[in-house]
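2 protein chains.
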Amino acid sequence: MEVAIRKFMRYPVEETAAKHERIVKEASRLFRERGFENVSVGEVMKAAGLTHGAFYAHFGSKEELQTAAVAYGQKVSLGRAQRSKSNKKSKGSFADRYLSQWHRDNPGDGCTMAALAQEVARSTPELKAAFEQGLEEILPAIGGERKEAIFQAAAMIGGVVLARAVQSPRLSDEILWSVRQELG
Amino acid sequence: MEVAIRKFMRYPVEETAAKHERIVKEASRLFRERGFENVSVGEVMKAAGLTHGAFYAHFGSKEELQTAAVAYGQKVSLGRAQRSKSNKKSKGSFADRYLSQWHRDNPGDGCTMAALAQEVARSTPELKAAFEQGLEEILPAIGGERKEAIFQAAAMIGGVVLARAVQSPRLSDEILWSVRQELG
DNA sequence: CATCAAATATGATGACCGTCATACTTAATA
DNA sequence: TATTAAGTATGACGGTCATCATATTTGATG
Numbered sequence: 001m002e003v004a005i006r007k008f009m010r011y012p013v014e015e016t017a018a019k020h021e022r023i024v025k026e027a028s029r030l031f032r033e034r035g036f037e038n039v040s041v042g043e044v045m046k047a048a049g050l051t052h053g054a055f056y057a058h059f060g061s062k063e064e065l066q067t068a069a070v071a072y073g074q075k076v077s078l079g080r081a082q083r084s085k086s087n088k089k090s091k092g093s094f095a096d097r098y099l100s101q102w103h104r105d106n107p108g109d110g111c112t113m114a115a116l117a118q119e120v121a122r123s124t125p126e127l128k129a130a131f132e133q134g135l136e137e138i139l140p141a142i143g144g145e146r147k148e149a150i151f152q153a154a155a156m157i158g159g160v161v162l163a164r165a166v167q168s169p170r171l172s173d174e175i176l177w178s179v180r181q182e183l184g
Numbered sequence: 001m002e003v004a005i006r007k008f009m010r011y012p013v014e015e016t017a018a019k020h021e022r023i024v025k026e027a028s029r030l031f032r033e034r035g036f037e038n039v040s041v042g043e044v045m046k047a048a049g050l051t052h053g054a055f056y057a058h059f060g061s062k063e064e065l066q067t068a069a070v071a072y073g074q075k076v077s078l079g080r081a082q083r084s085k086s087n088k089k090s091k092g093s094f095a096d097r098y099l100s101q102w103h104r105d106n107p108g109d110g111c112t113m114a115a116l117a118q119e120v121a122r123s124t125p126e127l128k129a130a131f132e133q134g135l136e137e138i139l140p141a142i143g144g145e146r147k148e149a150i151f152q153a154a155a156m157i158g159g160v161v162l163a164r165a166v167q168s169p170r171l172s173d174e175i176l177w178s179v180r181q182e183l184g
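Going down the list, the protein sequences come from chains A and B. Everything in the first sequence is counted per this note's numbering, starting at 1 for the first residue and increasing by one. Everything in the second sequence is counted per this note's numbering, starting at 1 for the first residue and increasing by one.
The set of hints was computed from the structure by calculation and includes no laboratory data. Ideal Cβ placement from N, Cα and C applies to all residues, glycine included. Keep in mind that a hint or two might mislead.
Per the computed footprint, the stretches of chain A lying under chain B, defined by three or more beta-carbons under 8 Å from a beta-carbon of chain B, are [as the list claims (entries may be wrong)]:
1) 39-50
2) 58-68
3) 120-126
4) 129-141
5) 156-169
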């Protein structure tokens, strides 16, 4: 995002930026898999191939990382939604992919909203703002009237959230299927 | 639930049961307000008017308390849904009440699923089973074809979850309104 | 009234974690 | 090549928390 202009940068700029992005990327994945509270800063850094001490050269706090991770995750989701929309032959398949068993079983590579919305709701204004901006950008990619797009987003997110929270695979599948049916 | 038959019960049975219920009730409220991870056992016990040490006379672990709290919260929601259904004059007002500003702003007295589903999804089979049983009981109270009930539940839960996660009150209201409109 | 175990209170213990202090490493600049 | 500050690593600190150990209190029973 913002690259400060400095006289001396003894470490290559692009390498530092790459590390920064790797931290955010791994954080985003881990947070989506296990939630903010169940992932430590040290764990994120290890996943990024660094030690915990280096963290504070990149972020001011864990909260800042959470915000960056949510913003990143929303960007990824936006790209997927836009690709789904522009892809003519896959008309209507965005909901199918969203409400798939694969998405349900792989939160770490799935929608940030379906994984972290409730934790975001209890967090800082900055985090909620990052979440909101992502949602606002995704809504047009869903298409149709804004009111309908919001409704469809709510139903899809609610469907995946419910499907992940129940115990029986049978019911979980039924939830995904039901929401797909009613949306289609 | 299960009251063991013992020769000696030096503390009055009903008082112990009342304390037990108070612990679950306060836990349910606190968990819905701030999530499992952000509420300590000691805090729950203090809210119930006891000290932390007494906790393990009532529950084997915090996880057990979480399960009991979710089961309790689901029962409360079931009661509300059933009352809404039997109340003829308030036809269709269940969704209105569910998607209200009041519900959004008072998670501690609101739907357990809209508050804790994502944390439940990452938790134990027992917890997911308690969540699931609650959902299964609530679905008939929503009414209509089962497929539709599931869809409506997903949309309503998703709507409240989204409304709570965004920063702008304007957008939050719009989400509640949009889902209400499309469901009506 | 003495006894008993259930329930409670107080106080540890051990683990985890966010953050900071400090020293070291890096490679572009002068 | 010496210098510089960005970036990294190691280690520590302080706090929180779930859980357990231990002692105390309770009140129905004998």
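Now the hints, each set against the structure:
For the stretch 39-50 of chain A, the assignment as covered by chain B is violated, since 0 residues bring a beta-carbon within under 8 Å of that chain's beta-carbons and 3 are needed. With a threshold of 8 Å between beta carbons, the proposed coverage of the stretch 58-68 of chain A by chain B is violated, since 0 of its residues qualify and at least three are required. As drawn, the stretch 120-126 of chain A meets chain B at 4 residues by the rule of a beta-carbon pair under 8 Å; at three or more, the given contact holds. Look at the stretch 129-141 of chain A against chain B: 5 of its residues bring a Cβ nearer than 8 Å to a Cβ of that chain, three or more, so the hint holds.
Counting residues of the stretch 156-169 of chain A whose CB lies closer than 8 Å to any CB of chain B gives 11, which reaches the minimum of 3, so the coverage claim holds.
The earlier numbered hints that this structure contradicts are 1 and 2.
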